[in-house]
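Participant: Quick note, the sequences are listed as chains A and B, same order.
Numbering-wise, the numbering used here puts 69 at position 69 of the first sequence, and it's gapless, one number per residue.
Numbering-wise, the numbering used here puts 268 at position 268 of the second sequence, and it's gapless, one number per residue.
Read the hints as simulated data drawn from the structure, not as lab findings.
Keep in mind that the hints are not guaranteed to be accurate.
Stated by the list, open to error - Here are the simulated SDA-like pairs of lysine to any residue, each with C-alpha atoms no more than 25 Å apart in a straight line:
#	chain 1	residue 1	chain 2	residue 2
1	B	K21	B	K274
2	A	K34	A	P19
3	B	K273	A	L76
4	B	K273	A	S23
5	B	K274	A	R61
6	B	K459	A	P19
7	A	K13	B	K21
8	B	K274	A	K34
9	A	K59	B	N111
10	B	K238	A	L76
11	B	K151	B	V302
Here are the chains, one letter per residue:
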Amino acid sequence: MPKITVALYAGLKARAHAPEGASEFDLEVPDGSKINDIIKFLDLPEDEVANIFVDRSLKDREYIVKEGQRIAFFPLIAGG
Amino acid sequence: MKWIRVNMSDLSVKVEDVPKKYEQMGGRWLTSSIIADEVPATCHPLGPLNKVVIAPGILSGTTAPSSGRISVGTKSPLTGGIKEANAGAKFGQYLKRMGYSAIIVEGQPKNKESRYLLNISKEKVELIGADEYKFMGLYELNEKLAAKYGKDVGIACVGPAAEHLLAGTGVAFNDVENRPARYAGRGGVGAAFASKGLKAIVVEAVTGQATILNNELFETGRKKLLAALQEHAVTKPKGALNTYGTAVLVNILNEAGALPTRNFSSGTFEGAKKISGEAMAEAAAKNPQAGMMGHRCHPGCVIGCSVVYPDAQGKSHTSVEYETLWAIGANCGIDDLDAIAQMNTMCNDIGLDTIEFGDAVAVAMEGGLLPFGDAKGAIALLEEVRKGNPLGKIIGSGCSTVGKVFGVRRVPAVKNQGMPAYEPRVIKGIGVTYITTPMGADHTAGYSIAPEILGVGGKFDPHTNEGKVKLSKDFQATTCFIDSTGCCVFTAFAILDIPSGFEGMVEACNAVTGANWTTSDAYEIGLNILKTEHQFNLAAGFTANDDRPPEFMKLEPVPPHNMVWDMADSELDSIWK
Numbered sequence: 001m002p003k004i005t006v007a008l009y010a011g012l013k014a015r016a017h018a019p020e021g022a023s024e025f026d027l028e029v030p031d032g033s034k035i036n037d038i039i040k041f042l043d044l045p046e047d048e049v050a051n052i053f054v055d056r057s058l059k060d061r062e063y064i065v066k067e068g069q070r071i072a073f074f075p076l077i078a079g080g
Numbered sequence: 001m002k003w004i005r006v007n008m009s010d011l012s013v014k015v016e017d018v019p020k021k022y023e024q025m026g027g028r029w030l031t032s033s034i035i036a037d038e039v040p041a042t043c044h045p046l047g048p049l050n051k052v053v054i055a056p057g058i059l060s061g062t063t064a065p066s067s068g069r070i071s072v073g074t075k076s077p078l079t080g081g082i083k084e085a086n087a088g089a090k091f092g093q094y095l096k097r098m099g100y101s102a103i104i105v106e107g108q109p110k111n112k113e114s115r116y117l118l119n120i121s122k123e124k125v126e127l128i129g130a131d132e133y134k135f136m137g138l139y140e141l142n143e144k145l146a147a148k149y150g151k152d153v154g155i156a157c158v159g160p161a162a163e164h165l166l167a168g169t170g171v172a173f174n175d176v177e178n179r180p181a182r183y184a185g186r187g188g189v190g191a192a193f194a195s196k197g198l199k200a201i202v203v204e205a206v207t208g209q210a211t212i213l214n215n216e217l218f219e220t221g222r223k224k225l226l227a228a229l230q231e232h233a234v235t236k237p238k239g240a241l242n243t244y245g246t247a248v249l250v251n252i253l254n255e256a257g258a259l260p261t262r263n264f265s266s267g268t269f270e271g272a273k274k275i276s277g278e279a280m281a282e283a284a285a286k287n288p289q290a291g292m293m294g295h296r297c298h299p300g301c302v303i304g305c306s307v308v309y310p311d312a313q314g315k316s317h318t319s320v321e322y323e324t325l326w327a328i329g330a331n332c333g334i335d336d337l338d339a340i341a342q343m344n345t346m347c348n349d350i351g352l353d354t355i356e357f358g359d360a361v362a363v364a365m366e367g368g369l370l371p372f373g374d375a376k377g378a379i380a381l382l383e384e385v386r387k388g389n390p391l392g393k394i395i396g397s398g399c400s401t402v403g404k405v406f407g408v409r410r411v412p413a414v415k416n417q418g419m420p421a422y423e424p425r426v427i428k429g430i431g432v433t434y435i436t437t438p439m440g441a442d443h444t445a446g447y448s449i450a451p452e453i454l455g456v457g458g459k460f461d462p463h464t465n466e467g468k469v470k471l472s473k474d475f476q477a478t479t480c481f482i483d484s485t486g487c488c489v490f491t492a493f494a495i496l497d498i499p500s501g502f503e504g505m506v507e508a509c510n511a512v513t514g515a516n517w518t519t520s521d522a523y524e525i526g527l528n529i530l531k532t533e534h535q536f537n538l539a540a541g542f543t544a545n546d547d548r549p550p551e552f553m554k555l556e557p558v559p560p561h562n563m564v565w566d567m568a569d570s571e572l573d574s575i576w577k
């Protein structure tokens, strides 16, 4: 069961099934879990999750997470 | 259309018919064309041969959404090349509704101690002595001018740092609430403006709509652009920009390992969350009397990305943007949001570009003048700038000057202009933009961050060099056109993903100008603007060696990705072929 750190940004915190509304927390997930599985587990709105960073690099939803990784979820945002 | 030509050498003001060549131009297209045609490329930026051109966009003053940008063009005192900086403000909307497509300021008064104000009303345009406002801070100045000329007037003005002729200064435009918070910030346009002896330009409030030649076509185009802006997740009401402001980017750039920190020595900042858009939104929600998200920089903006941040004492600060939070925050190792907001307000008052100031302080920190994270020390430096003391003049002259004075090799600048808030060693496309744009390091010139990090307008791997020259060139050309329309560059987020929005923008421009442009034509127009600007820089003495990154970026890997700038110089040069 890999333990990962999840970070939720820009409104996703309010939309997730996260511990006590935390924006950053540790999570144990079954071996072989994909990012998609974590989205479902956290009950994140699938069509609103736009960008996912794993240890500072963009990954797609099929990526299989590993022990100790940091997974950050963002909706579609932009600025300048 | 007409334009106003002000000669500060003989203090004459002329209203002239716009020559046919310039009739369809606006914004950056017009400022860069006039500068290229009328300013000797090798002239001194602070001398009598340089000119300052202020031009609203093609659509400014109409009901086209988010179209109230105003461009300031000149030969840059910071880069020595051509410069266009723009802001969103009612100033340009009034000017255009009055029938003026530009103000051209030339010459220089014989007495350098004198100050003047240009007053533009429906009845007349006149230069007035303004010595009483000399070295006045801009919050006080805006109050006084509103009291004298009316609370709804448009104001363009320069602060004491610009009057000290420092290269890190901008031109401030008043916002709807009459705060000097909307800046054409970059490249020392403030110093060029001040070198003319001008302290301010006041334009009378004008309601209604600027001249439109084809109302039916305009409505078609306006509705298509509006629909795109209201549909896209980034620009729509209650969308990301409206809810969190531009600073919604702090966390994502930090998670990407590309938030330049402590003078570009790292790509992550441990204090990022404290200075993020989410943190500001939380503060604004707790104190709605003093704070506000979704503020609009000019009437008619449908995005509303500006922020009024309430500090712990309940004081309001407008507008605290991503670039400012990064420059004075992460880049200086400062995670105190209140201190950053205070410095933002001070920069607005003094007339400084917050990006150049943050870059300058970070280089000074590396040079040992003060430690990273020293907010009080940075605030004290701002007071030095206001007074025009030698140390203040060094800081206000930008990061390249500071690097030379303090013997710092790690100076994040291209063409002497400090880099904005994206690490080019990690995000290669924005690096191409920083390095090749005629403006000096400028993120808005070709915002490839959209597809490289944000997943807007397609997807590109930020870490690779492949295709990045073309990506940057396409963004730079399209941006040149958008900067000419008067539309906010953030409209690009919507129209990149919703092509009918771009069609609508071009149709609205056709309706105003009588042109028959397609979206392909718009790209070609943008490309030609870019070439005009590049040619000016070549004539000013620039060579391919000015289209290069700072050396340290080739030599020093930046954590956490430990990447260097590794694109061949020849690839960079291919952008002009």
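Participant: Decide, hint by hint, whether the structure agrees.
Facilitator: Consistency of the hints with the structure:
For the hint linking B:K21 to B:K274, the alpha-carbon distance of about 51 Å lies beyond 25 Å, and the restraint is violated. Among the hinted pairs, A:K34 with A:P19 is consistent with the structure: their alpha-carbon atoms are about 20 Å apart, no more than 25 Å. The straight-line distance between the Cα atoms of B:K273 and A:L76 is roughly 18 Å, inside the 25 Å bound, and the hint therefore holds. For the hint pairing B:K273 with A:S23, the CA-to-CA distance comes to about 10 Å; that is within 25 Å, so the pair holds.
About 28 Å separates the Cα atoms of B:K274 and A:R61, which puts this hinted pair outside 25 Å; it is violated. Taking the CA atoms of B:K459 and A:P19, the gap is about 32 Å. The hint is violated against a cut of 25 Å. Of the pairs offered as hints, the one joining A:K13 and B:K21 is violated, with about 54 Å between alpha carbons and a cut-off of 25 Å exceeded. Between B:K274 and A:K34 the CA atoms are separated by roughly 30 Å; this puts the pair beyond 25 Å, and the hint is violated.
Between A:K59 and B:N111 the CA atoms are separated by roughly 62 Å; this puts the pair beyond 25 Å, and the hint is violated. Of the pairs offered as hints, the one joining B:K238 and A:L76 holds, with about 12 Å between alpha carbons and a cut-off of 25 Å not exceeded. Proximity of B:K151 to B:V302 is assessed by CA-CA distance (about 23 Å); at most 25 Å being required, the pair is judged to hold.
Consistency with the previously given hints fails for numbers 1, 5, 6, 7, 8, 9, ordered from lowest to highest.
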